[in-house]
Amino acid sequence: MKELKILYLYPDILELYGDFGNIQVLKYRLEKRGFSCIIDSYSIGDDEPNFNDYDIIFSGGGADNEQSILSKDLIQYKDKIKTAVKNGVFFLLICGSYQLFGKYYKDVDGNIIPGLEIFPYYTEAINDRKKRCIGNIVISANINGKEQKIIGFENHGGQTYDVFSPFGTVLYGNGNKFGDNKEGFFLDNVIATYLHGPLLSKNPELADYIISYCLNRKYGENVTLEKLDDSFENLCREQLLKHFTH
Amino acid sequence: MRNFFIILFAKILNVILKIARKQGGNILGKIALKLNKNLLKDFKVNSPVIAVTATNGKTSTNNCISYTLKQAGFKVVSNSEGNNMETGIVSTLLKNCTLTGKIKADYICFEIDESYVPKIFSKFRLDTLVILNFFRDQLDRNGEVETLILKINEFLKTYEGNLILNNDDPNVSRLGLANPNNDNIYYYHVDKYKYATQELKEAGEGKFCPFCKTRLEYEFYQYSHIGKFHCPKCNFGENEIYKFAENIDLEKRSFDVSGITYKIPENSIYTVYNHLAVLCVCSIYNIDTEFVLKSFKDFSLNNGRSEKLEINGSNTFINLAKNPTGANVSLRILNEDSSNKDLLFVLNDNIADGFDVSWIWDINFDSLNNVERIITSGTRAYDIAIRIKTSGFDHTKIQAFPELDKAVDELYSTTNNKYVIANYTALQPTRNEILRKGKIL
Ligand SMILES: [Zn+2]
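Going down the list, the protein sequences come from chains A and B.
Using this note's numbering, the first residue of the first sequence is number 595, and each one after it goes up by one.
Using this note's numbering, the first residue of the second sequence is number 3, and each one after it goes up by one.
Honestly, the hints are just simulated from the structure, not real lab data.
All C-beta atoms, glycine included, are put in the ideal place defined by N, C-alpha and C.
Keep in mind that a hint or two might mislead.
Unchecked claim - Estimated spans, in silico, between C-beta atoms of each pair:
#	chain 1	residue 1	chain 2	residue 2	range
1	B	V17	A	N721	44 to 52 Å
2	A	R723	B	N155	15 to 23 Å
3	A	S662	B	V17	55 to 63 Å
4	A	G628	B	K159	55 to 63 Å
5	B	E248	A	I663	31 to 39 Å
6	B	D368	A	T818	27 to 35 Å
As the list claims (entries may be wrong) - Heads up, incomplete: computed chain B residues facing chain A, CB under 10 Å, no partners named:
#	residue
7	V147
8	E148
9	K215
10	D358
11	V359
12	T381
13	D385
14	R389
Claimed, not checked - Keeping only pairs whose Cα atoms sit at most 27 Å apart, straight-line, the calculated DSS-like set for lysine-lysine is:
#	chain 1	residue 1	chain 2	residue 2
15	B	K121	A	K725
16	B	K121	A	K724
17	B	K153	A	K724
18	B	K32	A	K724
19	A	K724	B	K125
20	A	K836	B	K408
21	B	K43	B	K106
22	B	K215	A	K672
23	B	K209	A	K666
24	B	K209	A	K700
25	B	K153	A	K725
26	A	K626	B	K203
27	B	K97	B	K77
28	A	K771	A	K743
29	B	K215	A	K700
30	A	K724	B	K39
31	A	K740	A	K771
32	A	K724	B	K36
33	A	K621	B	K203
34	A	K666	B	K215
35	A	K697	A	K666
36	B	K209	A	K724
37	A	K724	B	K159
38	B	K32	A	K725
39	B	K39	B	K125
40	B	K399	A	K821
With the rest of the complex left out, here is chain B:
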């Protein structure tokens, strides 16, 4: 009975918030969990629950899964705004349940914060868990990645549902061994792409075998520590592959799986991995390939965190980078474009960014391809300028402007292609400033 009133109250509050044009975010969940901390257990769910977790790419991958399922005609409930902790999940469920707590949907799709997987799914149904990657974030880099993986591993020891794992990330792939009794493990693997390297090019995790501590051997690195690896001593990494992407062609923006060519909107190796994860989910649930093909063609996995604008005749590519891997992926895209370019890097150190900006030293600025100028901005404009200068880029071609408007003005003083990398709190202000500039020009 108590839950009935909690749900009713949440629904009324939701209506009020809507009238006030406020995005509910986590508020509904926050209040409801205060009234009943085990509320998650009490929802009535009769549809498959699919969850995606990772350091990078969980929002867009989850949204792509939802989008594809909707294309196929299913009703999907999802936390598409990225509220991915317990309060956000509860908020989403409250908005989409009946007064008796029933969720009416064909599929429930969640992106989940890495640290909340055990907490949420010890109380809520889970049918399919997708794990994309684990990278160090700038906020907490002191071995927390390992602690996080161990927690998820502990949870997976008793989990028997579908587990879709990136076989090319040792930190993800190892989780397939958490429960030897689970027969529903699906590994995916991406074939070597044009810019893959023999040596590690960017900072990465997991250099040693988690089982026997032997140094892992790589056939190739795609980006960061993602690549084809195995342990020479215990054969860790040599799994049967469920879905394998090959003929990766980033210029044509396509890849093949089982003889079918998929077109995608992005030209980054990183999104090929996430698309392949979506494809695994769709295959497990027997979604017709026609919907997957269409969804991949239409739905951009970058989804707001990255976009292309045309400002005064200059192509402008804006990308969020909240950790070295995000920035390295953007720089890969920049280097794979051989035209003349200007780069703007905006670095803030507000609370939400983390005060420690030393992660920028894990970004690979070596041998930038046809970059004519680099402009830096943000509260730590000088730090990033020093970083880039030290990498060997001619320091007379670097200009630092802590004030964003000055930086953007300077950026558009040429018509070169523009690449913009901004960290968390810098992204929106940078985007707004560029759009403002676009209106003036």
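Just chain A, with the same shape it has in the complex:
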């Protein structure tokens, strides 16, 4: 049986906003099609994982004070993570993790939390603790050569600069910065974004893009994905898109 292996980084620390739901959606969509899905987790104090052994590495968002504890731990794997990115392992990074994979995060008090420096963007918090980009967000992203509307919820104080390859164009909401027209960071095998929701729960085509990418990479063929009953997802998207973009 074909299987995908997912590594969930810091599940007990980066677990705000139900981001774990992204893994549940991937698992659901794999198992419905008869593929198996193995989920391992890594957190502070655990043995070093073999990053290259995984098909997908997922990490979510957390509170500021926890982010600094974790940045220290993560940085010891900098080179290995860099290699995994180069090797094509798929990285799905939400919110705080999106920031951590950049150069640095400067918090409200001006403290610099160093990032992994895998991507050249950087993030700075707004001086005012109360000012955050919060709300529903819709972006248009190019998935498999097709423009698609991606729906999520953003909630971040950090403003991310110098993103050379954004995830999408903002149709509704803020994006990387207040009033920005670009959101997130995107390479073939990396999606780093502020979109919670959880992201994949409202965007099944994006979930399937990740699944196809990983299966094709691992098994060296064009795996066709069986269609699933996405009627709840479609109705949900229809309702929300009508609400936000009209």
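Dock chain B with the ligand against chain A, hints included.
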């Protein structure tokens, strides 16, 4: 002199509001505070002030304390309608004071919004503070829980009154160390109950020791992050327990404290904790056990936020859930009932609910016990349907109806027991729709 006119004015306004059949709510306090922002300092209070704060359960716990004290024959002033910010407290006091600002009562009991504890009690007498729990709410989940705890901790550094703390919530228990000079700290603890688990089953806070950052070790989890824990490095959590509840029997709806069996109306572990907090208060004020026993038997801690109805022969259990913990507690009760059930989940995303509904992914829908169908409704009916489907519940047994009347009609097409979970703005409309259905059937 100025206060005299403020109070007089408030009292006249209160009479007018009463005639107009309007619930004053926070209005009196709002106006009075505009005229004198330090009005709280000027009330004359000669009776003990007891306050309850928490993320979940403060209204019902405060009402249970008031109810018990009243049973024991005392005059109690309380903000029983749940107006728990400064304006609500001032409104309650204005309604119950003399024209010179004197409060005539044997006890003053307040439930206080978590973020208002320092603000209110830097200006007003406080004798006993009860803290039940801290969970993340759906509205602001980005580390605000921690900020809130730090603020209360700061306030407690100079507080020397009674402090009643849930020893099984690390975020509450840690507050007992805020002022090392305070000898009036009372911890309560509940023994392992039947459905306690070895592993964390639902999203929770406080995984690390707040003092030495070591990962906390749990002997068991009761629900969410509430359970018996300690820090292996600095022994945080190992406190002398003032009141200890054991022999928790949710089927018989009873528990024992110091050899006495207390009967309660609810069958949830979560209310056992709140009852135990009430018991601590009563013990500190030497209230006779006979009144506590009676009050626990009669007074439902759920109090409107949760109720049981019989509609067309189906037992219907309605519960408010404004955060994952509230929903998880309801699902625990559902899973502990082994009959065939239907579940209705109503999810709105109006302003008062918060626009972000991602908290539903922190609800544990795994291995639901004998649930035959799930119906979802509300402005985010599809979101909750997707959530439940992804947890592994057969998607052909889930039906989503954004329109509430259709959802309720479908719910009562069988005679299974009904469990209804609704979030904040969804609760009343859902309740009304169910009652309407009850009349038609
Ligand atoms: Zn410790």
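These are the hints, each one checked on the structure:
{"no.": "1", "hint": "B:V17 to A:N721: 44 to 52 Å", "verdict": "holds (48 Å)"}
{"no.": "2", "hint": "A:R723 to B:N155: 15 to 23 Å", "verdict": "holds (18 Å)"}
{"no.": "3", "hint": "A:S662 to B:V17: 55 to 63 Å", "verdict": "holds (56 Å)"}
{"no.": "4", "hint": "A:G628 to B:K159: 55 to 63 Å", "verdict": "holds (59 Å)"}
{"no.": "5", "hint": "B:E248 to A:I663: 31 to 39 Å", "verdict": "holds (37 Å)"}
{"no.": "6", "hint": "B:D368 to A:T818: 27 to 35 Å", "verdict": "holds (31 Å)"}
{"no.": "7", "hint": "V147", "verdict": "holds (8 Å)"}
{"no.": "8", "hint": "E148", "verdict": "holds (6 Å)"}
{"no.": "9", "hint": "K215", "verdict": "holds (7 Å)"}
{"no.": "10", "hint": "D358", "verdict": "holds (5 Å)"}
{"no.": "11", "hint": "V359", "verdict": "holds (8 Å)"}
{"no.": "12", "hint": "T381", "verdict": "holds (9 Å)"}
{"no.": "13", "hint": "D385", "verdict": "holds (6 Å)"}
{"no.": "14", "hint": "R389", "verdict": "holds (7 Å)"}
{"no.": "15", "hint": "B:K121 to A:K725", "verdict": "holds (23 Å)"}
{"no.": "16", "hint": "B:K121 to A:K724", "verdict": "holds (19 Å)"}
{"no.": "17", "hint": "B:K153 to A:K724", "verdict": "holds (16 Å)"}
{"no.": "18", "hint": "B:K32 to A:K724", "verdict": "holds (24 Å)"}
{"no.": "19", "hint": "A:K724 to B:K125", "verdict": "holds (26 Å)"}
{"no.": "20", "hint": "A:K836 to B:K408", "verdict": "holds (22 Å)"}
{"no.": "21", "hint": "B:K43 to B:K106", "verdict": "holds (16 Å)"}
{"no.": "22", "hint": "B:K215 to A:K672", "verdict": "holds (24 Å)"}
{"no.": "23", "hint": "B:K209 to A:K666", "verdict": "holds (18 Å)"}
{"no.": "24", "hint": "B:K209 to A:K700", "verdict": "holds (25 Å)"}
{"no.": "25", "hint": "B:K153 to A:K725", "verdict": "holds (20 Å)"}
{"no.": "26", "hint": "A:K626 to B:K203", "verdict": "holds (24 Å)"}
{"no.": "27", "hint": "B:K97 to B:K77", "verdict": "holds (14 Å)"}
{"no.": "28", "hint": "A:K771 to A:K743", "verdict": "holds (19 Å)"}
{"no.": "29", "hint": "B:K215 to A:K700", "verdict": "holds (22 Å)"}
{"no.": "30", "hint": "A:K724 to B:K39", "verdict": "holds (24 Å)"}
{"no.": "31", "hint": "A:K740 to A:K771", "verdict": "holds (25 Å)"}
{"no.": "32", "hint": "A:K724 to B:K36", "verdict": "holds (24 Å)"}
{"no.": "33", "hint": "A:K621 to B:K203", "verdict": "holds (19 Å)"}
{"no.": "34", "hint": "A:K666 to B:K215", "verdict": "holds (14 Å)"}
{"no.": "35", "hint": "A:K697 to A:K666", "verdict": "holds (14 Å)"}
{"no.": "36", "hint": "B:K209 to A:K724", "verdict": "holds (26 Å)"}
{"no.": "37", "hint": "A:K724 to B:K159", "verdict": "holds (26 Å)"}
{"no.": "38", "hint": "B:K32 to A:K725", "verdict": "holds (26 Å)"}
{"no.": "39", "hint": "B:K39 to B:K125", "verdict": "holds (11 Å)"}
{"no.": "40", "hint": "B:K399 to A:K821", "verdict": "holds (20 Å)"}
Figure legend: structure checked against the earlier numbered hints; every hint is met.
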